[in-house]
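K.L.:
Given next are the chains, with one letter for each unit.
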Amino acid sequence: MHSALFYLAFRQSAGGLKHRLLRLKQPRYFVPALLAIAYFWLSFGMPGLVSHDGGANTSGRFEMYRTFVVPGIAMMMLMGWATAPSRPAPAFTRPEAAQLFVLPFTRRDLVRYRLLRPQLVFILLGCFFALGASRSPEMSPLYAGIGGFLLLNLASLNAMTAALLANRMKHMGMHSLLLHIPSALILAALALPVWRNFQTMGPIDGNVARWLGPLFSDGLAYYAFWPMRQLALVPMATSLAEFGQGIAVVAGLALLYYVACMLLVAPFEERALELAETTGKKVDAMRSGGGFAALAASRMKKARTTKLKLAPTGPSWRAVLWQTLVAEWRVGPWKLAVGLSGLLVLLAVFGERLSHSRATGVFAIGLSAAMGIMLIMMCPRMLATGLHTEMRRLALWKAMPLSGYALLRGKIWGGAILVLLPGVIALSSAVAASMSVAKHDELPIVIGVFCAGVPLIPALAMTMIGLESAAVMMFPAWLSSMHSEPGFETIGRNLLSLVVRMLGGSLLSIIPGTIFAVVTVLGGLSGKISAALGIAGVLAAIALIAEMEFVIWLVGKRFDEIDATPE
Amino acid sequence: MLRAMIEVTDLVKEYESARAVDGLTFTVQAGQVLGLVGPNGAGKTTTMRCICGVLQPSQGTIRVAGIDLGADAVNAKRNMSFIPDDPQLFDYLTIAEHLKFYGRVYGVPDAETHAAALLHELELDGKQDQLPGTLSRGMKQKVAIACGLLHRPKAVLFDEPLTGLDPVAIRRIKQTIKRLAAAGSAVIISSHLLGLVEEIATHLMLMQNGRKVLHGSIAEVKESIPDLKDGGLEAIFLRATGYEEEPA
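Each protein sequence line maps, in turn, to chains C and X. Numbering of the first sequence is given in my numbering, commencing with residue 1 and proceeding in unit increments. Numbering of the second sequence is given in my numbering, commencing with residue 1 and proceeding in unit increments.
A hint or two may mislead.
A few chain X residues that don't get close to chain C, going by computed Cβ distances all over 12 Å [unchecked claim]:
#1 41
#2 165
#3 179
#4 183
#5 219
Quick list of in silico lysine-lysine cross-link-like pairs, BS3-like style, CA-CA up to 30 Å [claimed, not checked]:
#6 127/X / 25/C
#7 100/X / 25/C
#8 127/X / 281/C
#9 178/X / 127/X
Footprint (simulated), chain C over chain X, 3 or more residues, beta carbon under 8 Å [claimed, not checked]:
#10 54-61
#11 88-96
Simulated from the structure, these hints should not be mistaken for laboratory data. Glycine included, every Cβ here is placed at the ideal spot set by N, Cα and C.
Looking at chain C on its own, in the form it has when it is part of the complex (with noise of 0.2 Å):
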């Protein structure tokens, strides 16, 4: 390999780290650091955390991750084959496509060079996998450490593997389907045997690897999945002679690997590069803060007109609130909310038909639940032209006619009544489902909660959307960390940010919940129920949504005084 290309992913992963670490000494990024350190302290280092009980249930349950490491290594390979065609070229950022593709370099040492590069996150990945295996006394944390920095590496052969195997049929004229070829014959030698050792699972007292192992391990599979299971060895071993063994299986696999790549090089500098700019493309927006959203967006070539009216005059919060509606419509995930959520209803309303189960119902009212509940606690993430994003065009915001208060408003009504139309599907859905599982008493409480629910979703969606841009508006500079690169930091941030909104919605429902609570409380005591929920999540849900009026305008009145750098 050229001299110049280990300079270059020596200095850029020495760059990185340092860049990181220097960047701690501000506080948006220390006081997250610093969580998150203290998160992994509770997780992994904290002293008698580990168990050392050396029990049959801890040696069941190591066995049992022994037993499904072998599947987990199976799939991840296998992936790697499947999404090969749709990526049939080494991947490079847009710098090392832009540069390295130009200067007098062979394709094998560019390949080369793409292995090397993310050295340095295997090994900080193959500390945590040490760390991991601290807290288990059957494990070694060396061999973990090591074993999962040469598992990554093979994971990583395997792709690149796949990618110029790829890559070489395109480059001889073949397309679409034919190049799905491996991936399926890679499919088939796993799958049949394991077909062929499938049987129902049975009685098997909750222990899922008596049902598991077999399947891997007789007969056909035995000799199908042997290097899976010597590879699982690796940072799962008890001994030396184990270790070895699988070292062994992981030098000769990578070493083919490694000739398969040298092998199949073709010209890939074209879909490299188309690779690069798209996957660039991806991560723009996915930094720009709009997350899955401005991803959507990122790809959208073209859009039907809306046909939403918007009249030409009247109150300014009111184009906000139509831009916001059009454009999250357009790109946000809400209208796989709703198909999710109207399946959510069928399996509500036939499901138990169907299955003769109260099972189902029960199922079917947590699915929808965590449905609901989901759509509430991510909106504010789910949204691409929130005002996190927003913050990319302060100055343009700022030049417009048009006060904080009606840039909030817009913004916060748009995002609640988006999240309404999924919210009240995904509460249809439980309350059906309750219906057919609730005793006849239970059903006035039924309809209570699904005419509480209603006003209560968009108030509580408004709640998390106003509580983000708050945070937006009062901490801009915080934010704008967000947009960086991600380190460590990220995960104590991440914390940080649920905390601050569970803590502020928390106080905005002081109010809301005592209305809610007094009303219900004298509804059940003079035995109407039904409308006194109803009511009651009336008027908490107007009690919040005065509560998000006043922020707004709190928060509004920030917008105006901010200076249009946010920083």
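Use these hints to put chain X onto chain C, whose structure you have.
P.N.:
Same frame as chain C, but now just chain X:
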């Protein structure tokens, strides 16, 4: 006799749905500056990317300093440099490290002194230890130019070289391009700035729909449309591409 540094023969680049470059043949001699112009989608960037080895031609040959790019890409690339319009620098390499990397890639013996001279010429003194993230777009463009010129290439390809630069930097880059040509390099400049092309290019090639519409020295191009020979390139561009406004 001048030596042909860039020779493109019957270049074709096809994508699944379209032919981006259609049978292009031209030569750039040592010391010549070829201005590559054309409307958006004419195939200029595709041509440049084919010459610098990023795109594989569907047909045709490209020779750089006499070396066939298809047969010996590594050696052909040793003699050339491509400076893109959107400078994509490595995030965690300082400016000095970028230059050190390029020096090692091309095996430039006096990389350190030449890098210092280029940084001075491009007014990047004192920026050696900065990361690209701290630089303006124009500065990044200058760094990309410095990296591209470090090994004294025989053929240089500039794709919109003046994007994002201030007037002082524009004048510097123009001088640098003229100096390169005077030192015997063959230069191709793809640009929409016809004034720039007219000022520094010795030759011009106008492309449209992947084909060569006009090609020759600036004087020859002007002569080819006699009623516009006293006008600027803009009038010739509009006439040749069919975008000329109807007389009022």
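K.L.:
Hints first: check each against the structure and report whether it holds.
P.N.:
Going down the list of hints, with the structure as the test:
1. 41: Nearest chain C Cβ is 16 Å from residue 41/X, so the label holds.
2. 165: At roughly 18 Å from the nearest Cβ of chain C, residue 165/X sits farther out than 12 Å, so the non-interface label holds.
3. 179: Since the minimum Cβ distance to chain C is about 22 Å, residue 179/X lies beyond 12 Å and the statement holds.
4. 183: The claim stands: residue 183/X keeps its Cβ more than 12 Å from every Cβ of chain C (closest is about 21 Å).
5. 219: At roughly 32 Å from the nearest Cβ of chain C, residue 219/X sits farther out than 12 Å, so the non-interface label holds.
6. 127/X / 25/C: holds, 22 Å
7. 100/X / 25/C: With Cα atoms ~29 Å apart, residue 100/X and residue 25/C stay inside 30 Å; holds.
8. 127/X / 281/C: holds, 28 Å
9. 178/X / 127/X: holds, 25 Å
10. 54-61: holds (count 3)
11. 88-96: It holds, with 7 qualifying residues against the three required.
When held up to the earlier numbered hints, the structure conflicts with none and fits them all.
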